[in-house]
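Under this note's numbering, the sequence shown has 261 at position 261, and the numbering climbs by one with no breaks.
I should point out that these hints are in silico values taken from the structure, not numbers from a laboratory.
Idealized CB from N, CA, C, for every residue including glycine.
It is possible that some hints are incorrect.
Unchecked claim - Computed spacing ranges between beta-carbons, pair by pair:
id, residue 1, residue 2, range
1, 32, 237, 29 to 35 Å
2, 72, 208, 39 to 45 Å
3, 33, 171, 42 to 48 Å
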Amino acid sequence: MAEPREQGNRNILRSTRLADLTWPEVGAALAAGWDTIVTAVGSIEQHGPHLPLLTDTLIGEGLAAATVARLDRTLQGPTIPFGCSAHHMAFPGTISLDKAPFKALVHEYARSLAQHGFRLICLLPSHGGNFGPLRELVAEIGGKIGETRVVAYDDMNGFLEVLYGSQRPFDVTPARAGAHAGNAETALVLELRPDLAIMERAEEGYVGEFGPEAQALIFREGMRALTQNGILGDARGADAERGRACLDALADHFADWVRQAQGRNGVD
Numbered sequence: 001m002a003e004p005r006e007q008g009n010r011n012i013l014r015s016t017r018l019a020d021l022t023w024p025e026v027g028a029a030l031a032a033g034w035d036t037i038v039t040a041v042g043s044i045e046q047h048g049p050h051l052p053l054l055t056d057t058l059i060g061e062g063l064a065a066a067t068v069a070r071l072d073r074t075l076q077g078p079t080i081p082f083g084c085s086a087h088h089m090a091f092p093g094t095i096s097l098d099k100a101p102f103k104a105l106v107h108e109y110a111r112s113l114a115q116h117g118f119r120l121i122c123l124l125p126s127h128g129g130n131f132g133p134l135r136e137l138v139a140e141i142g143g144k145i146g147e148t149r150v151v152a153y154d155d156m157n158g159f160l161e162v163l164y165g166s167q168r169p170f171d172v173t174p175a176r177a178g179a180h181a182g183n184a185e186t187a188l189v190l191e192l193r194p195d196l197a198i199m200e201r202a203e204e205g206y207v208g209e210f211g212p213e214a215q216a217l218i219f220r221e222g223m224r225a226l227t228q229n230g231i232l233g234d235a236r237g238a239d240a241e242r243g244r245a246c247l248d249a250l251a252d253h254f255a256d257w258v259r260q261a262q263g264r265n266g267v268d
């Protein structure tokens with residue numbers, strides 16, 4: 001069986017992306033204590049007239065990779081590309097799962113990893129509609145599948161606070177950074193896949209208060225209740241430098257969250 005290569009005191013695999021590895025490499029990694037998985041849970045949904053439907057999945061993939069790069073003996077699971085996006089269905093191209101099949105999909109994904117011996121599975125939502133269903137799933141299974149712990153980052157407002165904080169040094173207000181397809185998400189796409197952003201189509205969307213009432217409104221009545229172009233924020237003027245700052249701040253935040261879960265799990 002293939003052995004993880006040594007670099008100093010840390011075992012280094014050919015890749016930290018699970019799907020890049022062969023089954024002998026995964027077996028060797030598990031035997032060497034690489035038993036934490038971080039998986040992004042994204043979506044395929046509208047992101048204004050300027051960003052691709054792939055945006056949340058693309059950002060989730062980038063965040064998971066940057067988070068894993070900050071951790072020891074942790075692998076990146078394949079990103080789940082579909083989420084609960086019913087509130088975006090007024091915009092063509094959006095693909096949405098109802099909560100029950102979404103939770104079943106994530107559960108079966110985690111069950112497979114648990115069966116192979118992974119001890120901690122960390123679910124990282126990069127789409128707002130996934131936070132609640134993931135919280136429900138973890139509660140329904142008691143946070144465990146057999147001896148494997150399953151945790152989900154479920155603090156959407158905490159996510160937004162880190163995102164907004166990363167943009168303040170650039171004088172980008174929370175209203176402009178936005179919660180969906182605004183300046184912050186546009187900057188992230190410009191950092192991760194600039195070829196997919198059509199900046200001449202970037203516009204201002206809803207820039208009002210986005211507290212609990214506004215959040216409840218879009219989940220109840222759909223995005224068009226707040227914005228006709230699908231943007232929460234103002235996408236104009238975004239750039240890759242702001243995207244790098246956002247990526248770093250969120251990855252630092254998520255890495256701390258995973259370390260806390262590893263500590264509770266008895267993982268070194």
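Hint check, failures only:
Violated hint: only 1; rest satisfied.
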